[in-house]
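So the protein lines, in turn, are chains C and G.
Following this note's numbering, the residues of the first sequence are numbered contiguously, the last one being 593.
Following this note's numbering, the residues of the second sequence are numbered contiguously, the last one being 593.
Some clues are possibly wrong.
Listed next, the in silico DSS-like pairs over lysine-lysine satisfying Cα-Cα at most 25 Å (straight line) [claimed, not checked]: (1) K373(C) - K470(G); (2) K427(G) - K470(G); (3) K400(C) - K427(C); (4) K400(G) - K387(G); (5) K526(G) - K427(C); (6) K400(C) - K387(C); (7) K526(C) - K569(C); (8) K387(C) - K427(G); (9) K573(C) - K427(G); (10) K573(G) - K427(C).
Simulated DEER-style distance windows between Cβ atoms [as the list claims (entries may be wrong)]: (11) A411(C) - D402(G): 46 to 56 Å; (12) L553(G) - K387(C): 48 to 58 Å; (13) H451(G) - S548(C): 15 to 25 Å; (14) R545(C) - S448(G): 20 to 30 Å.
Only some residues are given here: those of chain C computed to face chain G with a beta carbon under 10 Å [to be verified]: (15) S336; (16) L346; (17) A379; (18) Q518; (19) A519; (20) L521; (21) R524; (22) P534; (23) H538; (24) H539.
These aren't lab readings, by the way, just hints derived from the structure by calculation.
All C-beta atoms, glycine included, are put in the ideal place defined by N, C-alpha and C.
There are 2 protein chains.
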Amino acid sequence: MKLIHPGDPRGGPQRSVFFVSESTGITAATLGHSLLSQFEQAEAFRTIYMPYINNMEKAGNLAARIDGLMVKGEMRPIIFATMPKTDIRECLKATACLYLELFDTFIGPLSKELGVGPSGKSGLSHGIVNGDSYEHRMSIINFAMANDDGARLDKFSQADVILIGVSRSGKTPTCLYMAMHFELRAANYPLTEEDFEKGHLPQALLDNRDKLVALTIDPFRLHHIREERRRGSGYASLPRCRSEVQQAEQLFRKLGLKPMDTTRQSIEEISSRVVRSL
Amino acid sequence: MKLIHPGDPRGGPQRSVFFVSESTGITAATLGHSLLSQFEQAEAFRTIYMPYINNMEKAGNLAARIDGLMVKGEMRPIIFATMPKTDIRECLKATACLYLELFDTFIGPLSKELGVGPSGKSGLSHGIVNGDSYEHRMSIINFAMANDDGARLDKFSQADVILIGVSRSGKTPTCLYMAMHFELRAANYPLTEEDFEKGHLPQALLDNRDKLVALTIDPFRLHHIREERRRGSGYASLPRCRSEVQQAEQLFRKLGLKPMDTTRQSIEEISSRVVRSL
Chain C
316 MKLIHPGDPR GGPQRSVFFV SESTGITAAT LGHSLLSQFE QAEAFRTIYM PYINNMEKAG
376 NLAARIDGLM VKGEMRPIIF ATMPKTDIRE CLKATACLYL ELFDTFIGPL SKELGVGPSG
436 KSGLSHGIVN GDSYEHRMSI INFAMANDDG ARLDKFSQAD VILIGVSRSG KTPTCLYMAM
496 HFELRAANYP LTEEDFEKGH LPQALLDNRD KLVALTIDPF RLHHIREERR RGSGYASLPR
556 CRSEVQQAEQ LFRKLGLKPM DTTRQSIEEI SSRVVRSL
Chain G
316 MKLIHPGDPR GGPQRSVFFV SESTGITAAT LGHSLLSQFE QAEAFRTIYM PYINNMEKAG
376 NLAARIDGLM VKGEMRPIIF ATMPKTDIRE CLKATACLYL ELFDTFIGPL SKELGVGPSG
436 KSGLSHGIVN GDSYEHRMSI INFAMANDDG ARLDKFSQAD VILIGVSRSG KTPTCLYMAM
496 HFELRAANYP LTEEDFEKGH LPQALLDNRD KLVALTIDPF RLHHIREERR RGSGYASLPR
556 CRSEVQQAEQ LFRKLGLKPM DTTRQSIEEI SSRVVRSL
């Protein structure tokens, strides 16, 4: 997700979209971005990320900015907001914008179901809930960093999941994403010529067979990705990419692993599929 | 955000909450989690992440599972969904659960404002939009990995932002988060005894003065975090933490940098504040 987008470079009337929150604004931006993606054929939106609008002075400045855009001839701005404070909400609603409040709509039915009112505090979902969970999360991200690229064979027993695949098949960003968002201890191991020659994996991996998730990729796509990294190298050449992918897939078959194809997948999609497969 | 939560270990009647989507489910989980955080005083929810519910067979299995929970004496389950397919939506709505559809509510007003209908495709926000943007994002994550912990002083000119602070003040996870979510080329540099003795930063950093963001942390908190990493070490000792933080803050003052305090901040909060400060 790219939160900041400069809008349509072709010029013409712009539409500004604000993601507004009393705290990080990540929830507002995530849902706002998802909703906008349904209309990308229509317009190029200029998205503006406005976290920490937590007092009336900031709200007033933002309201003036929004009304100023209309004066300048822009199209009607849109606000996606998660705003528990009524006064700030009313101030923004009073502008010329289309104001979409993401929390309000669902708090009612949830309250009724659970039989209690909402806490009304902001920043609960992306703030620190308690110090212990923060440290837990830090330790999980550190684990992903320390166990990237097969750096520590002795730590695989501590992992929740171990991704294996050839270099540039998507292991590293997927591990980081899973660590950050699913709180999984994610390690990865790159398959190399040495593994192919031996025809089997290191014992440390075989000892953790149930945690292995195999990734594969289209050789043309791999070639393209590696060219970005080391243009014209043997490492990036199409024959080398073809051979590595083929040998990796052979090894996966031998191990009874059904590889996941990352060719047309985003980091989020690969991560979701890996988590689901566990 | 932790998407998978085992529920209340104390026992008693459970309430299961499902995040359901035709694609990655990240939008449903993000907003659902934010909404639930407003009610955490009420119940310990058991959250279940169900991406890729993209055909009627999967929908039917999920519906049976949900109704089964009620039979087993659980409280009424809740579904947070982003589901463009009407037949799947109706199938899930027909269960005993509270079904909250996150997309539907806002698609109407947006359609009216923009004068066009939604594309109806799923997975647009967290999928690959095009190969180029995927590669761009990968290269940005790789940049954060390669420029962690001051590894490459010569690459600072390519960075969008450079975090500086003592070891364990939150630089690495913040850089990774900013790379992943804000598509910023984020580098970081750990302040060490050597920098304090010299009383100034390496020239490569001073040449990129406008990109520097200083992080600081409460010495007690730092002590606690370092103890987790290397218990009983000089590195983790309170006097050492106190001295490092004090010297770092002196250096920041000398450079005219106002440090950001990470003591009670989550990775998302620090990232949001850094992005806002840029």
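Each hint tested on the structure:
no.: 1; hint: K373(C) - K470(G); result: violated, 36 Å
no.: 2; hint: K427(G) - K470(G); result: violated, 47 Å
no.: 3; hint: K400(C) - K427(C); result: holds, 20 Å
no.: 4; hint: K400(G) - K387(G); result: violated, 29 Å
no.: 5; hint: K526(G) - K427(C); result: violated, 48 Å
no.: 6; hint: K400(C) - K387(C); result: violated, 29 Å
no.: 7; hint: K526(C) - K569(C); result: holds, 16 Å
no.: 8; hint: K387(C) - K427(G); result: holds, 23 Å
no.: 9; hint: K573(C) - K427(G); result: violated, 46 Å
no.: 10; hint: K573(G) - K427(C); result: violated, 46 Å
no.: 11; hint: A411(C) - D402(G): 46 to 56 Å; result: violated, 39 Å
no.: 12; hint: L553(G) - K387(C): 48 to 58 Å; result: holds, 55 Å
no.: 13; hint: H451(G) - S548(C): 15 to 25 Å; result: holds, 21 Å
no.: 14; hint: R545(C) - S448(G): 20 to 30 Å; result: holds, 21 Å
no.: 15; hint: S336; result: holds, 9 Å
no.: 16; hint: L346; result: holds, 5 Å
no.: 17; hint: A379; result: violated, 18 Å
no.: 18; hint: Q518; result: violated, 27 Å
no.: 19; hint: A519; result: violated, 22 Å
no.: 20; hint: L521; result: violated, 27 Å
no.: 21; hint: R524; result: violated, 22 Å
no.: 22; hint: P534; result: violated, 15 Å
no.: 23; hint: H538; result: violated, 12 Å
no.: 24; hint: H539; result: holds, 8 Å
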